[in-house]
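First to last, the sequence lines map onto chains A and B.
The opening position of the first sequence corresponds to residue 1 in the working numbering, with each subsequent residue numbered one higher.
The opening position of the second sequence corresponds to residue 1 in the working numbering, with each subsequent residue numbered one higher.
Treat the hints as calculated values from the structure; they're not laboratory data.
Hints are supplied without guarantee of correctness; some may be wrong.
[What the hints assert, rightly or not] In silico negatives: residues of chain B with every beta carbon more than 12 angstroms from chain A:
#	residue
1	G120
2	A337
3	D800
[What the hints assert, rightly or not] Computed Cβ-Cβ distance ranges for the label pairs, DEER-style:
#	chain 1	residue 1	chain 2	residue 2	range
4	A	K87	B	N822	52 to 60 angstroms
5	B	N822	A	Q40	18 to 26 angstroms
6	A	T23	B	D769	38 to 46 angstroms
7	A	P49	B	D414	47 to 55 angstroms
8	A	Q40	B	K541	25 to 33 angstroms
9	A	K87	B	D769	50 to 58 angstroms
10	B	P351	A	P49	53 to 61 angstroms
11	A	P53	B	E573	48 to 56 angstroms
12	B	S797	A	T23	20 to 28 angstroms
[Stated by the list, open to error] Below 27 angstroms or equal to it, Euclidean Cα-Cα: the simulated DSSO-like pairs (lysine-lysine) are:
#	chain 1	residue 1	chain 2	residue 2
13	B	K515	A	K87
14	B	K321	B	K772
15	B	K321	A	K119
16	B	K165	A	K66
17	A	K66	B	K806
18	A	K66	B	K803
By construction, the Cβ of each residue, glycine as well, lies at the ideal position given by its N, Cα and C atoms.
If you want the building blocks of each chain, they are given just below.
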Amino acid sequence: MAETLMTPDIASTEQLQWLAICTLDALVENAGVCALLANQRQVALFYLPTLTPSIYAVDNYDPIGKANVLYRGIVGSTAIENNESGKQTHTAFVASPLFKQQFLLSSGQCLQQDDVQLKTYQVRVRDNMVQLLVAPEESAWVTQV
Amino acid sequence: MSKKKNIVVVGNGMVGHHFVEQLAQQHDQQYQVTVLSAESRLAYDRVHLSEYFSGKTADDLAMTSVEQYQAWQVGFRTNAKVTDVDRQAKRVTTQGGEVFEYDTLVLATGSYPFVPPIEGNQQPHCLVYRTIDDLDAIQASAAQSKVGVVIGGGLLGLEAANALKNLGLKTHVVEFAPQLMAVQVDSGGGRLLKSKIEALGVSVHTNKATTSISEGQQCRYQLNFSDGSVLETDLVLFSAGIRPSDQLARDFDLELGARGGIAINDYCQTSDPDIYAIGECAVWQERVFGLVAPGYQMAKVAAAHIQGQSLCFTGADMSTKLKLMGVDVGSIGDAHANTEGAQSYFYENQPKGIYKKIVVDASQKTLLGAVLVGDNSEYDTLLQYMLNGIELPEFPESLILPLASSDAPALGADALPDTATICSCHNVLKSDIVSAIDQGACDVKQVTACTKASTGCGGCSALLKNVVDAELSQRGVAVSKDICEHFAYSRTELFDIIKVGKIETFEQLLASHGKGLGCEVCKPAVGSILASVWNDYILKKAHMPLQDTNDVFLANMQRNGTYSVVPRIAAGEITPDKLITLGNVAKQYNLYTKITGGQRVDLFGARKEQLPDIWQQLIDAGFETGHAYGKSVRTVKSCVGSTWCRYGVQDSVNMAILIENRYKGIRAPHKIKFAVSGCTRECAEAQSKDIGVIATENGWNLYVCGNGGMKPRHADLFATDLDDQTLIQYIDRVLMFYIQTADRLQRTSVWLENMEGGLPHLQDVVINDSLKLNESLEQQMATLIERYQCEWKTTLSDPDALKRFKAFVNTEQVDESITFVNERGQIRPTPVGIIPTKTIESQASEQIPVIDSETV
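Make the full structure from the sequences, and use the hints.
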C-alpha cells in the first residue's frame, strides 16, 4: 500500500517537466485557485502559509460530485495518528464544495471513500513563479503567464 | 375457537382512550372493543386544553383519529351517551337507541365540573371549563364581554383565569377558601401565589362565598357575596372542583363511594365483577384521583386484569408541577405536613417572589412533601427523594437553600434507583429507559419513541434528558456538544467567546481556543458567528477562506459548478423596468430563468467569471444582492394586502418591505424566511415560515418557528394584535435570541423544539424580559442593521475579492468542461448521467444543489 503511494512511475518521471503557472501573489491564502493544463485538465492549487510545504496541487475534478470544483472547497485539517510514534499531526485536506468529502492535499486520498484518490502534482516556487511538475501532454501548449 | 369477547368502553376521554390503547397493542385479537363517547369527537388532550386558545385546533389536541381506531379494528360511536345498562342481559343502550352487548363493561365516564348551587347559576353566560365545546362557548361569550370572573381558585380555576385573560377580558378570581390552590399549596405559598397572579393583572378575591348572580349595572351580571360585597361581570366561569360522573352507577345499583364516585377494588372492578371503572369517575379507598397519571395507571390495571394478568392499583402520587400564567407552582406529597410528627423547613425570598417548603418525617431522614412557588428547579430532585424514600442529606434544608445549591447533594441521574419513576403519566421507570438504551436507543428522541416517556404532560423532559445523558456517558457514548475536533465548544459557547472576548477573526479564535487548521464545519460556523456579531464584509481577506463556496462567490453553486443569481426583490414587489432588466441580463448571458418560491427571479447557469459583470449591470439598474447564497435572512413573502385586495385588513406589502429591508442580509445559524399576510386567509403562507405575520383588524398576529422543507412545522402563535412597533420589537428579540443560542445549521423550528420550556419560555424571554436580555438583543440587532451593506457592491470595488472570480490563474480561456443542452427553450446542464450514490449523510441535505435554491 505504502509503496504504490510513494513510488512514482520511473519511466514517465524522466519526461516530466516543470511548467510555470502564475506568480505567488496570484494564490489566495488559506484557499484555492485553479489552473488549466494543455489537455484541458484542471489543477486546484492551495496556499497554506502556516504549513511546510505551503503549496499543494491536486486534480480539480471531484470524482464523486463529477464536476471541476475542488479548488472552491474549504481547506481544513484533521489530526491523524502516526502508527509508530503515536504522535498526532494535523494533516491538511480540502472538503468538496459539492458533497463535503475530504481529500488529503498531500496524497489526494479521500477520507470517506478508500477507493477514491485524486491525482497530485509536485509544486515549487522559482523566482516568485509557482511551477507544477507535469507530463508532456499537459504542457504542450506553452502558455504565457 | 370461541368467539371474541366484547369489551364495551363508555367514555372516550384520555383515560378511556388509554385503556383502548392497552388492548389495541395486544397482537392476538381476542377482544372486540367498542367505544361509546358522549362527546362529539374522539379522545383529545384535556391536560393541554388551554392551548386551544393560543392557536391549537381540536385536531392538534386530538389523541387519536377515526383512521387509527379503524386500523385497530376498534368500533366506536360519538354523540352516544349511554342511558341504560342491563346488567342481567349484559347490554347497554345509547340515547340513540342502539344496543351493545358486552362481556366486559368499562366505565371511563370521567367527571363533570361542579357548579355550586347559587341562585342565577343557569344564565346564558355562566359557563364551565372542561371540554372543547365548553371552550367554544367561552370564546363566543368572551367576544361579547369585557369582564370575566372565575369562581374557584384551584389549579383549574387559575388555568381558566389565564384563558380569560388571554381572551382580552378584565379577569377576576373568586375563591371561597382563604387562599389559592388550597389543595396543593400551603398558606405561605398561597399568599405569594396570590401576589404574583395579581401582579399579572388578575384580581384575586379570597374568603368570598358567592350567594347569588343577579343583573348588573355596568356589566351583564352582578355577583353577590355573603359578606355583602358585590362584583360586576359579563361572564361567569365555574371552576369549583369536579365530581365523578357516576350517574350510570347510581341508576343501575353499583356500589358508590361515601361522597360519590363508582367504588372500585385494587383491580378497578366495581361491585359487579364484569364492570370496571377507571379514571375520575372511580373512587378507590374513598379517594378520587383527578390527574391523568393515576387514570392511566387504572387503565393499565383494568386492561391487565381483563386479560388475566395480575396488576394492582395501589393509589397514586398526586404531586404536581405546573406553570400558571408563567408562575411556577410545585406540590409534592404531604404539602400540608399532615403526617404525625412531620416537621417543615421554609425558604422565602419576597423580592424575587420565591417560596419553598419541605416537609420531613420526625427523624428528618425522609422527605414527605414540598411546596414550591416561583421556582420549580428543585421539583424533580425533591420528587425523587419523596417517591423513592432516598435518605435525606444531613442538612435537609440544603435542598432548597439557594446559597448552598452548589454544595447541595444534587441528586444526579446516577443516584436514582432503577425503580424511580421518571415519567408518571406513562409510568416509565428508570429501568425502562436503561433497557431502551441497552436496545440501541441513543438519544432522548429515540428513548421517547420506544418508552413514551415525557409524551404526557411533558413535565419530566428535563429529568429524562439527564437520565439519558448520564446513561449514555456511562456507556462511553460521548454526548459531546463540541462543534468539531478543532474547538471543544458548542456553537452557543463560541458565540459568547467571540462576543465577550471581542474576537474578530478566525485566526485569533483558533489561537486562543482551538487547534489545527479548522475544517469545513467550524470555519463557516465561526464565519457566520463573526458576521452575526460584527457584520463585517464577509470576503475580507481574513474571512474569505471561512466561507462556503456560495458565500465566496455570492451566488448559489449548481451541480455543474455554475452559479445562479438572485437579486433582492423585497416582498416580491417589482417594477416593470426592473423586470425588463432581469430579462435583458438573462438573455445577454443566456441564463436559465425561473421564479422562486420566495417571490423572486433566479437566473441559472452563470460562469463564475461572469458574475461580476452580471452584477454590475444589476446594481446599475438599482438591484442589490438577495443573499440567496447565505445562511441568512432570505425573503419576506407577501400577499397584496389592503391596498388592492377586497379582503385585506392591513397593508401587508408595506409591512413586508419594511421587514425585509430591516433584516436583509443578517447572518444566522441557518437561513431565515418570513412572510406577511394581509388577512386571515393567509395567502402568503406565513404559518410555514420562521417568522410569520398575519394581519388582524387590530394589528398583527406574530407566528414563530415554522418551516416547510423536509420536516414541515406550523409556526406557533406567539403574540396577537400587535402594533407595528411592538411587532418589530418582538421580531428583533426573537431573531437575535435565535442567532445567539441556536446550534449550527439549526432552523428556528428545531431550535424551539429543543428549547427547555418551549414556546412559553421564549414568550417569557421576549415579552416579559425574564432573562433581562432584551436591551442587549435589541442593541445587537441595531448594530447589525446599521452595518448592512450590499456585498456585491462592496465586492465590485475590491480587487482582492475579485481575484477568485477568474476562471484560471494561468490563462484567460473559459472552462470548456461546462456545457449545456437546450430544453423547453432554455439551457440546462448537460446531464452527467450519474448522481453520486455515496454522500456524507449529515451534510448531504445541506449541500445537494437543486434547481430552486430558495426552497431548500
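To see whether the hints hold, each was checked on the structure:
1. G120: holds, 72 angstroms
2. A337: holds, 59 angstroms
3. D800: violated, 9 angstroms
4. K87/A - N822/B: 52 to 60 angstroms: holds, 57 angstroms
5. N822/B - Q40/A: 18 to 26 angstroms: Given about 23 angstroms between the Cβ atoms, the range holds.
6. T23/A - D769/B: 38 to 46 angstroms: At roughly 57 angstroms between Cβ atoms, D769/B and T23/A fall outside 38 to 46 angstroms, so the hint is violated.
7. P49/A - D414/B: 47 to 55 angstroms: holds, 49 angstroms
8. Q40/A - K541/B: 25 to 33 angstroms: holds, 31 angstroms
9. K87/A - D769/B: 50 to 58 angstroms: holds, 52 angstroms
10. P351/B - P49/A: 53 to 61 angstroms: Roughly 57 angstroms apart at Cβ, these two residues keep to the hinted range, so it holds.
11. P53/A - E573/B: 48 to 56 angstroms: holds, 54 angstroms
12. S797/B - T23/A: 20 to 28 angstroms: Once the Cβ atoms are compared, 23 angstroms apart, the range 20 to 28 angstroms for T23/A and S797/B holds.
13. K515/B - K87/A: Status holds; Cα separation ~15 angstroms.
14. K321/B - K772/B: holds, 25 angstroms
15. K321/B - K119/A: violated, 64 angstroms
16. K165/B - K66/A: violated, 61 angstroms
17. K66/A - K806/B: holds, 21 angstroms
18. K66/A - K803/B: holds, 25 angstroms
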